[in-house]
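Spelled out from the first residue to the last, the chains are:
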Amino acid sequence: MIRVVLPYHLQRLANAGRVVELEVEPPVSQRSILDALEARYPMLRGTVRHRATGERQPFVRFFACNEDFSLTSPDAPLPDAVVQGKEEFMIVGAMAGG
Amino acid sequence: MTKVRVLVGTRKGAFILTSDEKRQKWEVSGPHFSGWEIFHINGSPVNPNRLYASQTSDWFGQVIQRSDDGGATWEAVNNDFTYVGDPGTHLFYDDSQKPWAFKRVWNLQPSLTDPELVYAGVEDAALFVSKDGGQSWQELPGLRDVKGHMWQPGAGGLCLHTILLDPANPQRLYVAISAAGAFRSEDGGLTWMPINKGLISDGELPDPGADVGHCVHSLAMHPSKPGVLFMQKHWDVMRSDDSGDMWHEVSGNLPSDFGFPIVVHAHEPETIYVVPIKSDSEHFPPDGKLRVYRSRSGGNEWEALTNGLPQKDCYVNVLRNALAVDTLKDCGIYLGTSGGQVYVSADSGDHWETIVHNLPPVLSVEVQVIK
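So the sequences go chain by chain: C and G. Under the numbering used here, the residues of the first sequence are numbered 22 to 119, in order. Under the numbering used here, the residues of the second sequence are numbered 31 to 401, in order.
Chain G extracted, bound-state conformation:
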């Protein structure tokens, strides 16, 4: 029987939500690692019972957990994220330079082909890789060579929060960093180039079109069209049709083009979803209405999806890793909020149901379909 497993990271632990393919009745397991911030839990596409979790705490630092039974049991693996060489300094809010220092893991991205290989995006921004299931980590330092001294923390920190793996080209990787921008590697992560042409950060950067420094919030790609990328920037929803060489804005009729996550429908590469947020200092939906916006044209024309979502007095936020899709025939969309709700739509966003109402603030949502 097909099973859907939703992996939820929150400020106070991890939760695993399971259902059958109807996605109507849910079982809730958790909290796992209660009291710890779980920035991200993610599963291997080739072995869905192999999960990785980033468990972190302002008190006790970083722990990486691994499960080989779909989250029933866990094992702490290696948490040594040491930068290669002297990482030097990066820009700080006050224009001073600050030493690079590891703080936490924001994103764990297992390989599309090897369950032992997993990438970790960390704060202060860098990309690490493990080839032994998390038993050891090595930095890919070529990324920081791309003007790392000019990167600066966004409000959430200098975090590498998004990792995309190209299914058609194992040597091609994309990452996004707040506030540095988007970057691409063509050689498996050894060397990198900024891919920020076309981004305009007026009022945020001295040079609004600078090659690094943009506050990119999230990237998305459909596996059938890996050269087409979508981006939710601090402000602006953007699209690239040439693997990030050039971007153009597709915010269109959105009520606000500020937001955090962006995802692509599992079966329609031109159908994308965002969650507009009022502004950079008002992290809640415009007009107190939680609306997911869908474009079926790859951007510019957007429709509000509201059926089943709160449309009055709603002032939650949806963070960058808290919107996800499943791969069932009727594509499911999953949304986690800072108010601790997790919503599901089993029909591509037309209707929404609440899976859980009162979790701790949700940091991340990932979905697995297990046949």
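Next comes chain C alone, as it looks inside the complex:
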């Protein structure tokens, strides 16, 4: 199971906890995780990535294994630790503003 951490506002929108566990078919990538997330929680469509373009919202970041994956390809494979559920895939609202 992939463990995905949602930011506070998306937890409330989805009526979900901090961590949601998702079954994701390999290869596990940002895109496949977000596809599974949006299938489980349709109200999150358009909030993490743009509805029309599929691009990450500019103030959303993706962290895992103490690294920032925001600028890597959405189809790039994620680390084994994320695939095996040992590490969380974190969707983060960027620290923008005061």
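For the record, the hints were derived by calculation from the structure and aren't laboratory data. A virtual CB, placed ideally from N, CA and C, is assigned to each residue, including glycine. Where hints are given, some of them may not hold.
In silico EDC-like cross-links for lysine to aspartate or glutamate, where the CA-CA straight-line distance does not exceed 20 Å [claimed, not checked]:
#	chain 1	residue 1	chain 2	residue 2
1	G	Lys128	C	Glu76
2	C	Lys107	C	Glu42
3	G	Lys33	G	Glu57
4	G	Lys42	G	Glu57
5	G	Lys255	G	Asp232
6	G	Lys133	C	Glu76
Pulled from the structure, derived: some chain C residues nowhere near chain G, Cβ distances all over 12 Å [unchecked claim]:
#	residue
7	Arg33
8	Pro47
9	Pro48
10	Arg52
11	Pro63
12	Leu92
13	Thr93
14	Pro95
15	Glu108
16	Glu109
17	Gly114
Put chain G on the given structure of chain C with help from the hints.
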């Protein structure tokens, strides 16, 4: 028992204020959607428990919420606002062309006859319609055909912020866009024409009388006289007696004719209200006095309404969707400020009371009277 429900959108959530028809004691519900900008909440005229809310965030984009119980519970509906075809480009501040891109929903206007039908005015400016209560949205792209490449963002963005529906003619719609102007459709939104003759934007446009490009801030209409329109432009308060074919200025003795909202009294089609703001770069009332101005003659002659409003050291703004009227016999006027106050006058503006003092900055105010 008659109930009044005030729907307040703020920078950090929605609030619902309720009272009886005396409008003296209020209950405050909220924040709903706390932490999100609520640009607009509006109710269906035919089913007042059907509400629509535009919930938006610089971080997490656009969400549309719907309630069927007057705001007690909400359901996120569809937020797919995809333009028809390639929307091309529009003018930008530096005279370059910039690709059209959806940012947020500014205005939700439910149909006067069908609670499932609702219009959405969005930034970058376009009009969308849903015929299934927000489960899907379709653009009405004919609007952007009216020289959309020459529209440019106002300071708040290239936003379609005002939608008026003609109660006498379901095929007739009006919209206003900053900074593009006012537009009218006679065929239910399929095709549009600019209605900006008579507007003069000296120092703002290369051609002050251009047919598009004017920074219209708000439009208003009384349902009994749908051919008479009132406009608060960037500068100038304007009036049209022929459905927007020609406008003339009615700023008269206002202390400043810059401002954002304009509304019409519920029972007096020639009584209108504006909130003068000092200037386009000084978004606060002249002289530090929050004054609503009322004209009982459809413009030109204005009186200041001050009783109960702060008349010293007041430097708040009142945004374009933050002034509203109710339909009770003694018409109520409602005012929300950037300082988080919501005021009510239960006697057409003669006396004002504060409903709430310390909300987040108010973006929009709508009122429902529920019998």
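Each hint, compared with the structure:
1. G:Lys128 <-> C:Glu76: holds, 18 Å
2. C:Lys107 <-> C:Glu42: holds, 12 Å
3. G:Lys33 <-> G:Glu57: holds, 11 Å
4. G:Lys42 <-> G:Glu57: holds, 19 Å
5. G:Lys255 <-> G:Asp232: Since the Cα atoms of G:Lys255 and G:Asp232 sit roughly 30 Å apart, the hinted pair is violated (cutoff 20 Å).
6. G:Lys133 <-> C:Glu76: Since the Cα atoms of G:Lys133 and C:Glu76 sit roughly 14 Å apart, the hinted pair holds (cutoff 20 Å).
7. Arg33: Nearest chain G Cβ is 8 Å from C:Arg33, so the label is violated.
8. Pro47: holds, 28 Å
9. Pro48: Check passes; 27 Å lies beyond 12 Å.
10. Arg52: holds, 17 Å
11. Pro63: Violated: least Cβ distance 8 Å, not greater than 12 Å.
12. Leu92: Fine: 17 Å to the nearest Cβ keeps C:Leu92 off the interface.
13. Thr93: Holds, since 20 Å exceeds 12 Å.
14. Pro95: Since the minimum Cβ distance to chain G is about 17 Å, C:Pro95 lies beyond 12 Å and the statement holds.
15. Glu108: holds, 23 Å
16. Glu109: Holds: least Cβ distance 19 Å, greater than 12 Å.
17. Gly114: For C:Gly114, whose nearest Cβ neighbour in chain G is about 5 Å away, the distance does not exceed 12 Å, so it is violated.
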